[in-house]
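Per the UniProt record's numbering, the very first residue in the sequence shown carries number 1; after that it's consecutive.
None of these hints come from the bench; they were simulated from the model. All of these numbers come straight from a predicted model, not from anything done at the bench. The beta-carbon is built from N, C-alpha and C at its ideal position, and this holds for glycine as well. Where hints are given, some of them may not hold.
To be verified - Cβ-Cβ distance ranges computed for the label pairs, FRET-style:
hint : residue 1 : residue 2 : range
1    : H206      : Q123      : 23 to 33 angstroms
2    : D47       : L25       : 31 to 41 angstroms
3    : L35       : I10       : 32 to 42 angstroms
4    : Q221      : G192      : 28 to 38 angstroms
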Amino acid sequence: MKASTFQTIIVGLLCLAVAGLSGGLFNQYQRMAELQSTNTQRFQTLDTLQRDLSALRDAQEKLQYSLKDLKQMVDTGEQQANTLDPMLDQWAQEIQEMRDGLAERATVKDLTALSGRFEHVEQQLLELKTQPSLPPPTSSANKPKKTAPPKPVPLSPPFSVLGVESRGGERFLAVAPHDSSSLIDVRLLHAGEQFGAWHLKVLEPHSAIFSVVAQPDQTVQLP
Numbered sequence: 001m002k003a004s005t006f007q008t009i010i011v012g013l014l015c016l017a018v019a020g021l022s023g024g025l026f027n028q029y030q031r032m033a034e035l036q037s038t039n040t041q042r043f044q045t046l047d048t049l050q051r052d053l054s055a056l057r058d059a060q061e062k063l064q065y066s067l068k069d070l071k072q073m074v075d076t077g078e079q080q081a082n083t084l085d086p087m088l089d090q091w092a093q094e095i096q097e098m099r100d101g102l103a104e105r106a107t108v109k110d111l112t113a114l115s116g117r118f119e120h121v122e123q124q125l126l127e128l129k130t131q132p133s134l135p136p137p138t139s140s141a142n143k144p145k146k147t148a149p150p151k152p153v154p155l156s157p158p159f160s161v162l163g164v165e166s167r168g169g170e171r172f173l174a175v176a177p178h179d180s181s182s183l184i185d186v187r188l189l190h191a192g193e194q195f196g197a198w199h200l201k202v203l204e205p206h207s208a209i210f211s212v213v214a215q216p217d218q219t220v221q222l223p
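Sequences are here, hints too, so could you generate the full structure?
Next comes the structure, spelled out in structure tokens:
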């Protein structure tokens with residue numbers, strides 16, 4: 001074999017070897033580039049996960065603080081409820097005692113008033129029994145005829161008539177002064193009792209007849 005031919009073969013083999021090494025290096029370079037790109041993406045993903053984890057930790061801390069505040073509010077509300085419950089019970093008991101006391105006082109007052117009216121009626125009955133009997137009326141024929149007197153002008157009573165109340169089967173006329181606006185000033189008049197100069201004579205179904213000093217009987221219509 002000639003020397004020139006052998007050199008040509010050697011050079012061709014070296015070229016092939018260099019070409020193969022170049023191709024292998026290129027492939028290795030591409031793989032390195034791909035690995036670097038993958039690592040970069042992974043680092044970016046890791047950074048995102050770390051930021052998300054930090055945000056979750058912050059949210060967890062805020063939630064813990066909120067839960068702590070809520071627990072304190074619940075504890076405070078329970079303490080206030082434990083304090084207010086006995087006070088409410090005490091107030092309810094005091095209000096009930098006041099109602100019972102008012103009912104008892106009102107009952108005693110009514111009984112005292114009725115007892116006074118019954119005593120007054122008994123005294124009037126005794127006075128009527130002890131009065132002498134009236135003489136028999138004379139015949140109307142012997143009486144001189146009189147002209148009809150002028151009709152008197154009705155007087156205005158010094159009270160307002162509120163109505164009629166029944167107590168123990170007896171009827172009472174409820175009256176009050178004109179300028180009164182309180183229940184304390186209301187009076188219950190029985191036949192024979194008086195309000196100022198007005199004496200109640202008869203309590204009829206729809207009117208009340210009063211006798212007034214130096215005046216004819218006055219009729220007051222019931223409301």
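Hint-by-hint comparison with the structure:
H206 and Q123 have their C-beta atoms about 29 angstroms apart, which keeps the hinted 23 to 33 angstroms range intact. Checking the proposed 31 to 41 angstroms range against D47 and L25 shows it holds: the Cβ atoms sit about 33 angstroms from each other. Distance hint for L35 and I10: a CB-CB separation of about 37 angstroms, consistent with the stated range 32 to 42 angstroms. A hinted range of 28 to 38 angstroms for the beta carbons of Q221 and G192 is inconsistent with their spacing of about 21 angstroms.
Going down the numbered hints, you'll see the structure goes against just number 4.
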